[in-house]
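Peer 1: Given next are the chains, with one letter for each unit.
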Amino acid sequence: MLEVKHLMKSYDGHKRSLTDVSFTVATGEVAAIIGPSGAGKTTILRSINQLIKDDEGQVLLNELDMRQLNRSQLRQARQNIGMIFQNYNLIEPLTAIENVLHGCLGNKSTLAGIFSLYRQSEKEEALQLLQKVGLGNFAYQQCRHLSGGQKQRVGIARALMQHPKLILCDEPIASLDPKSSTLVMETLRQLAIEEHISVLINLHQVDISRQYADHIIGINGGQVVFDDHAEALTDTAAAQIYRKDLVLNEEAAV
Amino acid sequence: MIKPEKQLTIPTPTAKGPQFKMPVKLKDRRRVTIYLTLLVLAYLTMVTLPTMLPDHLNLKTASLTFLQNIQIMFFHPGLSNTTFVQLIQALLESILLAFLTTLIGSVIAFVLALVSFRQLVPAWVGLAIQSFMALIRAIPNVLWVLIYSVVFGLGANAAVIGLTFHSVAYLTKVYTDSMEELEPDAIETMRAMGLKNGPIIRQALVPNFIPSYLSWTFIRFEINFADAVAVGAAAGAGGIGYQLFMASSFYFNFHEVGVIVYLILVFAILLEIASYHLRKRVMGNQ
Ligand SMILES: Nc1ncnc2c1ncn2[C@@H]1O[C@H](COP(=O)(O)OP(=O)(O)OP(=O)(O)O)[C@@H](O)[C@H]1O
Ligand SMILES: [Mg+2]
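From first to last, the protein sequence lines are chains A and B.
The opening position of the first sequence corresponds to residue 1 in full-length UniProt numbering, with each subsequent residue numbered one higher.
The opening position of the second sequence corresponds to residue 1 in full-length UniProt numbering, with each subsequent residue numbered one higher.
Hints in this document: simulated from the structure, not taken from any laboratory.
Treat the hints with care, since some could be wrong.
[What the hints assert, rightly or not] With a straight-line Cα cutoff of 25 Å, these simulated PhoX-like cross-link-like pairs (lysine-lysine) come out:
#1 K108/A / K132/A
#2 K60/B / K123/A
#3 K53/A / K196/B
#4 K165/A / K25/B
#5 K165/A / K132/A
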């Protein structure tokens, strides 16, 4: 479904933030990327939907190379990719349902986007999605009045409104308490199973990755150092992923 | 968001031996420049002030007349050459002039601000627009009105165009600055969902931008009102400023000047109250 091949990226032209990263994510699979801070997890995720340009390699989404698309093709392709952020990135002054509805603007006309013209069916779907993530009663709340966990679930509903084939999550639970974290992770897991959406999550917690992911990709110093089933991630393997010397090597090379 | 002027490099105490004192503020060339400028200005004032006094001026009688006039203005306001209704009409004229110029100015400025917003267009476009606006701003408002009076003749047309011109330049600058202070994440998120610029502006930028928009536009309205009064006198654009000019420089009627000043004051206070409530309502929604 998603194939990343020989991905390389350098922000400044000298130092490589990613060196030859390759992995695949199957349909309906939950994959977790783990690794120390600065390893390149965010860079990988943002290269997939080409928020980061000027990289090298291939990012194939259903055989379509994201890197070879022109502007309007890229917009089309991005509609198939939902994204969930550590800071939720909602439009805070708007209500929860307005934020969810943004998810369907990608395949509507510019005019509809400017005048917020949504069909009745779209509004109903947005409300259903909010109910699905347990926020039916908060549909008309301004997002700035929601808690972090609630905001993140609005973010998930917004991504689902896109009818995505792939959802990218950059540390979705890093700012949440354990209970909200569990709720968010369970929702993501459920989506993969029920809707056959592939989910790729950057995580910092090894145990949560083991618990919720099918597939774990370990990154250190811009390289894939582990790529296997979740069960294969033993404590020693995890420690290996977070090994300092790889990070140090990278810094020494600067 | 506060951006530090310079990269902070904290010196290590060991680097300079035991008598090293760690500074709390970094030496800043800007502050030195400000102090120097103030010093020079103070010196110039002290030197020139005595030479400006004409020989025949009697400071005592001058101050007395001044106080007398002030007393007439503020304690004995009254009308003789104009009626109250005429003055109210003139005040409304000035308010409308300010309102119209602010409205047109804010619409044009919003478009220009979008066109020079770095998250939407290449940086050089923004730079070009902002430089041009800075050029316009460098010339005072009233001067623009006078320049346009040469083209259109003295009167309301020149006032509207002149005031709008300066409003556009001012508002474009503050709008762009406020837009650039907003979190860039909102726009990037929309871009990641595959939206086009139109919907991105409307859905991600506008909702976050409304509070600063209202607040800056209101401030500009206040400025435009003050300028509309000044321009009424200077460029014959009518309004309360013209009445003020006639009463003070033509009829020398300080009673009437008093009434006019009170009128303007009342309106200024009303404006302040309105802006306070507006701001509270917008903030209350946050
Ligand atoms: N915009 C940028 N400009 C320059 N260098 C960057 C930029 N973003 C990231 N980098 C560098 O690329 C490397 C990888 O960063 P990245 O953000 O992908 O790490 P990460 O694994 O997501 O870390 P974290 O777990 O802390 O979020 C780091 O060395 C970082 O300094
Ligand atoms: Mg990151």
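Peer 1: Now, for every hint given, state plainly whether the structure supports it.
Peer 2: To see whether the hints hold, each was checked on the structure:
no.	hint	result
1	K108/A / K132/A	24 Å, holds
2	K60/B / K123/A	78 Å, violated
3	K53/A / K196/B	18 Å, holds
4	K165/A / K25/B	53 Å, violated
5	K165/A / K132/A	18 Å, holds
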